Amino acid sequence: MAQTTPLQVDLTDLNGGAFSADKVTFETATGPTVLTAAPFMFDLTAAGEASLTIEKKGRHTFRFELNIAATGKDFTVSINKKRMLDAPRMLTLLKLGTVGKGPGPGRNQLTVRMGRAREFLLVTGFDYPSGHGPGGMQFHLLATKRMHTLRAAKLIDDSTVITWFDAKSGLRTRWVMGRGAEATTAPPAMWKSGWSLLSRDGTAPTTLQPNDAGYPGPGVNGMPEI
Amino acid sequence: MPRSLRLMLTPLPSNTGGGRLLFDGARLSFALMGAGLSKASLGSATAGKLSLRMTFLDRARAPQDIEERALATMAGSIVFSGDSAAVFTSDANGWVVAPEADDQAPDGATSQRALRFELESPDFEAAVSSQDLVVRLDPVRFRFLELRTKLEIGGSTEADFDVNDVLDVAITASTPPPLGATIGVHPPLFDSIPPSAKLVVTPSEGDPITFPLSSGIDRGDGLLSFLVPSPKPGVLYTAEMTLSPADSPTLLFQDIELNQLVLQSNGASAAPLSSLGADALLFDSTPQAADAEEAVQGGPDGPTDQQLASFDAQAGTVAVA
Numbered sequence: 001m002a003q004t005t006p007l008q009v010d011l012t013d014l015n016g017g018a019f020s021a022d023k024v025t026f027e028t029a030t031g032p033t034v035l036t037a038a039p040f041m042f043d044l045t046a047a048g049e050a051s052l053t054i055e056k057k058g059r060h061t062f063r064f065e066l067n068i069a070a071t072g073k074d075f076t077v078s079i080n081k082k083r084m085l086d087a088p089r090m091l092t093l094l095k096l097g098t099v100g101k102g103p104g105p106g107r108n109q110l111t112v113r114m115g116r117a118r119e120f121l122l123v124t125g126f127d128y129p130s131g132h133g134p135g136g137m138q139f140h141l142l143a144t145k146r147m148h149t150l151r152a153a154k155l156i157d158d159s160t161v162i163t164w165f166d167a168k169s170g171l172r173t174r175w176v177m178g179r180g181a182e183a184t185t186a187p188p189a190m191w192k193s194g195w196s197l198l199s200r201d202g203t204a205p206t207t208l209q210p211n212d213a214g215y216p217g218p219g220v221n222g223m224p225e226i
Numbered sequence: 001m002p003r004s005l006r007l008m009l010t011p012l013p014s015n016t017g018g019g020r021l022l023f024d025g026a027r028l029s030f031a032l033m034g035a036g037l038s039k040a041s042l043g044s045a046t047a048g049k050l051s052l053r054m055t056f057l058d059r060a061r062a063p064q065d066i067e068e069r070a071l072a073t074m075a076g077s078i079v080f081s082g083d084s085a086a087v088f089t090s091d092a093n094g095w096v097v098a099p100e101a102d103d104q105a106p107d108g109a110t111s112q113r114a115l116r117f118e119l120e121s122p123d124f125e126a127a128v129s130s131q132d133l134v135v136r137l138d139p140v141r142f143r144f145l146e147l148r149t150k151l152e153i154g155g156s157t158e159a160d161f162d163v164n165d166v167l168d169v170a171i172t173a174s175t176p177p178p179l180g181a182t183i184g185v186h187p188p189l190f191d192s193i194p195p196s197a198k199l200v201v202t203p204s205e206g207d208p209i210t211f212p213l214s215s216g217i218d219r220g221d222g223l224l225s226f227l228v229p230s231p232k233p234g235v236l237y238t239a240e241m242t243l244s245p246a247d248s249p250t251l252l253f254q255d256i257e258l259n260q261l262v263l264q265s266n267g268a269s270a271a272p273l274s275s276l277g278a279d280a281l282l283f284d285s286t287p288q289a290a291d292a293e294e295a296v297q298g299g300p301d302g303p304t305d306q307q308l309a310s311f312d313a314q315a316g317t318v319a320v321a
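Protein chains in written order, with the working numbering: chain A, 1 to 226; chain B, 1 to 321.
Since the hints were made in silico from the structure, they are not lab data.
Errors might be hidden in some of the hints.
[To be verified] Heads up, simulated SDA-like pairs for lysine to any residue below, C-alpha to C-alpha not over 20 Å straight-line:
# : chain 1 : residue 1 : chain 2 : residue 2
1 : A       : K154      : B       : D247
2 : A       : K81       : A       : A46
3 : B       : K150      : B       : A126
4 : A       : K154      : B       : T250
5 : A       : K23       : A       : K56
6 : A       : K81       : B       : P187
7 : A       : K81       : B       : D221
[To be verified] Simulated restraints, written as ranges between beta carbons of each label pair:
#  : chain 1 : residue 1 : chain 2 : residue 2 : range
8  : A       : K23       : B       : G82       : 45 to 55 Å
9  : A       : A29       : B       : A62       : 51 to 61 Å
10 : A       : S51       : B       : R136      : 39 to 49 Å
11 : B       : S196      : A       : R116      : 28 to 38 Å
12 : A       : T30       : B       : G222      : 15 to 25 Å
13 : A       : T4        : B       : L37       : 35 to 45 Å
14 : B       : S196      : A       : A152      : 19 to 29 Å
15 : B       : G43       : A       : T36       : 48 to 58 Å
All figures in this text were calculated on a predicted structure; none of them were measured in a lab.
Virtual Cβ for every residue (Gly too), placed ideally from N, Cα, C.
The whole structure should be built from the sequences, with the hints applied where relevant.
Structure (structure tokens):
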């Protein structure tokens, strides 16, 4: 049985200096633990999914999805790639431990690097098939291309949020740069690595076919769901 | 039905990155022997005891130099929960190292190594399911270690050392691992770490220690771990990782007293360590080819290269606050 294992969360600015937060919430299946001042130390007591939410007035709220695994005598934290797709570059996760020195657990150290509050907004439309044309333009590729450009040109930092409204899926997604090499995939996932998904909300469209009720009509690249 | 119990040892690979398969521990479980009559009862717990004994050999076949010592014992109780299922519940002490493991070690046995022992569930119920036991050995004199187990139930020997499995451990410079602190790095989720990657740990006293990627250990916890041997009290360590020769090093942590981990592992409270101040481990971002299904998703027409270039040129003019 794995022992209670500490998770220490350090918040820094981009230069490694201390960064203060109003509230840091670590939530597991047993409930949330809320701390409002450093040190942000949490106990890992059970395996399963968890989340870490960092809030500060005037800043973006960041929620990171984590996994806790029982690994022998203690617990190990990792990024929940099923939910986040890739590990955010703004997080550095280490596990420090010992070999043979004693029966106690190791410790997980998570550093979160916060830059200035910045956000880029992307909106992609839906090219309906209609009398105006066959439709089918893949507007989402413009957005993934734009995200790549921002990244490659170093116009954004690790904590810059990309908020993307996609008309076709009706979803709002929020992204930060991931650690892996960029690899796109089919909508609505858009990315399979290179970008980390912070959140996904909105309502998927219910009317996508010209014969369906509520179809916006020919010649309209609308985004009524947004 | 005649039945008795014996112990099985499933080897745990050391995963030290080399081509040779080495082991540095074992997972214990029970197996039934068809013959004999067990002292364990169905539904009624009986006192039980496990013993570990180690034999050091200078060579695997026809050894000329042999040394034997007890390693550890575990006390508890055992019960049959069904016709073929036995559950051993250890007492709160878990494995207790035998005094002779240290006392009878010869002068040359100065190398302290760790052997991992995991207790299979549901065969075992214990406060700690995985425990490292420290072994003192002479790596110059001996190249192999055989580990044997004994099971006693109700004060009688249920399965002696010659009946249960034997764990064969090759003794190398890195196996079983020397005592020390481990730095576990999360490998990227999708990319492989370049073979040229290295970790450099710089102590506040002494020379930097360079760990090539091949010295990373996969201990089955999803991490790539590097072992810093015997961190000393009061010495601060800084760790930097470089992924490829062209990259500048990435700071993983700075001025951490790794010996604090040793104290914590021995029961000290987990006080906050100084801030890691870490940089992210960065990987080059090169868009890869789109999935096959992406090309047909949403219609036949994607933006042309010219359209993308035009869009890119316009988008690049956006002012950044």
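Status of the hints after comparison with the structure:
1. A:K154 / B:D247: Distance ~16 Å between K154 (chain A) and D247 (chain B) Cα, so the pair holds.
2. A:K81 / A:A46: holds (19 Å)
3. B:K150 / B:A126: holds (18 Å)
4. A:K154 / B:T250: holds (18 Å)
5. A:K23 / A:K56: holds (7 Å)
6. A:K81 / B:P187: holds (12 Å)
7. A:K81 / B:D221: Holds, because 16 Å separates the two Cα atoms, which is no more than 20 Å.
8. A:K23 / B:G82: 45 to 55 Å: holds (50 Å)
9. A:A29 / B:A62: 51 to 61 Å: The hinted range 51 to 61 Å holds for A29 (chain A) and A62 (chain B), with Cβ atoms some 57 Å apart.
10. A:S51 / B:R136: 39 to 49 Å: Cβ of S51 (chain A) to Cβ of R136 (chain B): about 45 Å, so the range 39 to 49 Å holds.
11. B:S196 / A:R116: 28 to 38 Å: holds (34 Å)
12. A:T30 / B:G222: 15 to 25 Å: holds (22 Å)
13. A:T4 / B:L37: 35 to 45 Å: holds (42 Å)
14. B:S196 / A:A152: 19 to 29 Å: The hinted range 19 to 29 Å holds for S196 (chain B) and A152 (chain A), with Cβ atoms some 23 Å apart.
15. B:G43 / A:T36: 48 to 58 Å: holds (52 Å)
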